[in-house]
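2 protein chains.
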Amino acid sequence: MPITEQVPLTGQAVSIAERYGDPDATLEVSNDSLAIQLAHRSVRAFTDDAVDDARVHAIVAAAQSAPTSSNLQPWSVIAVRDAGRRARLADLANHQQFIVEAPLFLVWIADLDRVRRLAARAGKPLDGADYLETTLIGIIDTSLAAQNAVVAAESLGLGTVFVGALRNRPREVAAELNLPPHTVAVFGLAVGTPDPAERAGIKPRLPQSAVLHHEQYDAEGADRDLAGYDESLSRYNRAHGLTGDWSSRVLARLANADALHGRDRLRDHLEYLGLSAR
Amino acid sequence: MPITEQVPLTGQAVSIAERYGDPDATLEVSNDSLAIQLAHRSVRAFTDDAVDDARVHAIVAAAQSAPTSSNLQPWSVIAVRDAGRRARLADLANHQQFIVEAPLFLVWIADLDRVRRLAARAGKPLDGADYLETTLIGIIDTSLAAQNAVVAAESLGLGTVFVGALRNRPREVAAELNLPPHTVAVFGLAVGTPDPAERAGIKPRLPQSAVLHHEQYDAEGADRDLAGYDESLSRYNRAHGLTGDWSSRVLARLANADALHGRDRLRDHLEYLGLSAR
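Residue numbers (the working numbering), protein chains in the order written: chain H, 2 to 279; chain V, 2 to 279.
These aren't lab readings, by the way, just hints derived from the structure by calculation.
Among the hints, erroneous ones may be present.
Note that identical chains are pooled: a pair holds if it fits in a single copy or bridges any two copies.
Calculated lysine to any residue pairs in the SDA-like style (CA-CA distance at most 25 Å, straight line) [to be verified]:
#	residue 1	residue 2
1	125	258
2	125	239
3	204	233
4	125	252
Build the full structure now, drawing on both the sequences and the hints.
In structure tokens form, the structure reads like this:
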């Protein structure tokens, strides 16, 4: 490994305070790797710099190093650099302009076709793949791999953002990417060098008390500090040209099927693509 | 952050060679954070050392720093330390002994109940939560968070292993953890200090040519090097007291519903738990 590089790390203490929207938040342990994770933000504005093959290989090696159920490795990733294809995928994903601007768009595929091809060549049954459970293993393992890719990209100074809107029109996405049956594009990941002019920060998350339970689920304890979080996120949104608090935005996002932009038909799409939902 | 610590990093060049079961494998870029990811292995034997609260808070902060769709944060994590509860969960998860041995068992919950409670208090509709898509968002975001937790734990010198078998009997797991409706335990994560006596290595993954496609999916190119991978994994398995190559183990794992240990009924379980699969 002749070249060794890592994004310069500054302001670790700042990250945890921003992460919880609380100037007094601290951690008693830390290290450079944790600092990269804590400083995560979605990047939606990129410079023109290409993402070279060396970085792509490192990112994919990190993705492959994530755990996978029974070593099935039921995923693939398609590196899309072609500008025309990125523009067409952007059109299929609610016209999100940053897909056109990012030099690299990684499409993460839950891939049960590799094992189907294996079984076909061997003349063996693969009835265990006919259940929602196996589809979910594909989606879970794709997600674990993709998150490792995010951390790896950030460690190399790159910025990323996931694109769940790729599930709006899965059949057209499959056609554009020449996907075989038994596969589905779970989400995209735009990757590139962050544009320093982008107005964005580390978005505060729920207090730990809301997500971390001890021994058993405690709904009352989890909800106790939500009002404070609404205030904190409201402040963050105002500072970044957005409106609303957490509760109002979440309730709007899930109010009805219209807000799903076609994803209310995902089960039909999965069955059409040959991925079982039974 | 008074204490700064990080697992000592050695043998980065070794990791990438082991990762691909290929002594000539190299990466042109690397850094300490990538090295932690590349060196991942599942740990199933632990010392008696406890995982203290400082580490749990750092691990959960890293998990919360992962991306989440529309900032919904639709997950919770339950830290189980009680020995009796760990033993009962082990019984529900195919009697895997390491759940009893690990000092900490994190159960990762796709949690759509927090937003349901929010909607109920506000008297607002939440019809968008009635679709498989929203259940999948819960499962995907839980997976992204949990993978960040794995990397954070490893950066702190801890070892982990995911337990998908927690989906064998989701209703009993929900009862044990007092889960509300609209939640499901997606998987467990055993966490502890690795027992140095454990006989385990870095398991070789598929060659990058099998998972990384350019512009469009290429089945022929993806399958070209599978025979070599079968040889590589067969060597690894023999060296670690296991038998078989990748193809034979994958085909056995997915041959029929029996190998799913009850997970062929997952869709019914999800509906029972109040998570839509439509």
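So, going through the hints one by one against the coordinates:
{"no.": "1", "hint": "125 with 258", "verdict": "between (41 Å within a copy, 14 Å between copies)"}
{"no.": "2", "hint": "125 with 239", "verdict": "between (59 Å within a copy, 24 Å between copies)"}
{"no.": "3", "hint": "204 with 233", "verdict": "within (10 Å within a copy, 44 Å between copies)"}
{"no.": "4", "hint": "125 with 252", "verdict": "between (48 Å within a copy, 7 Å between copies)"}
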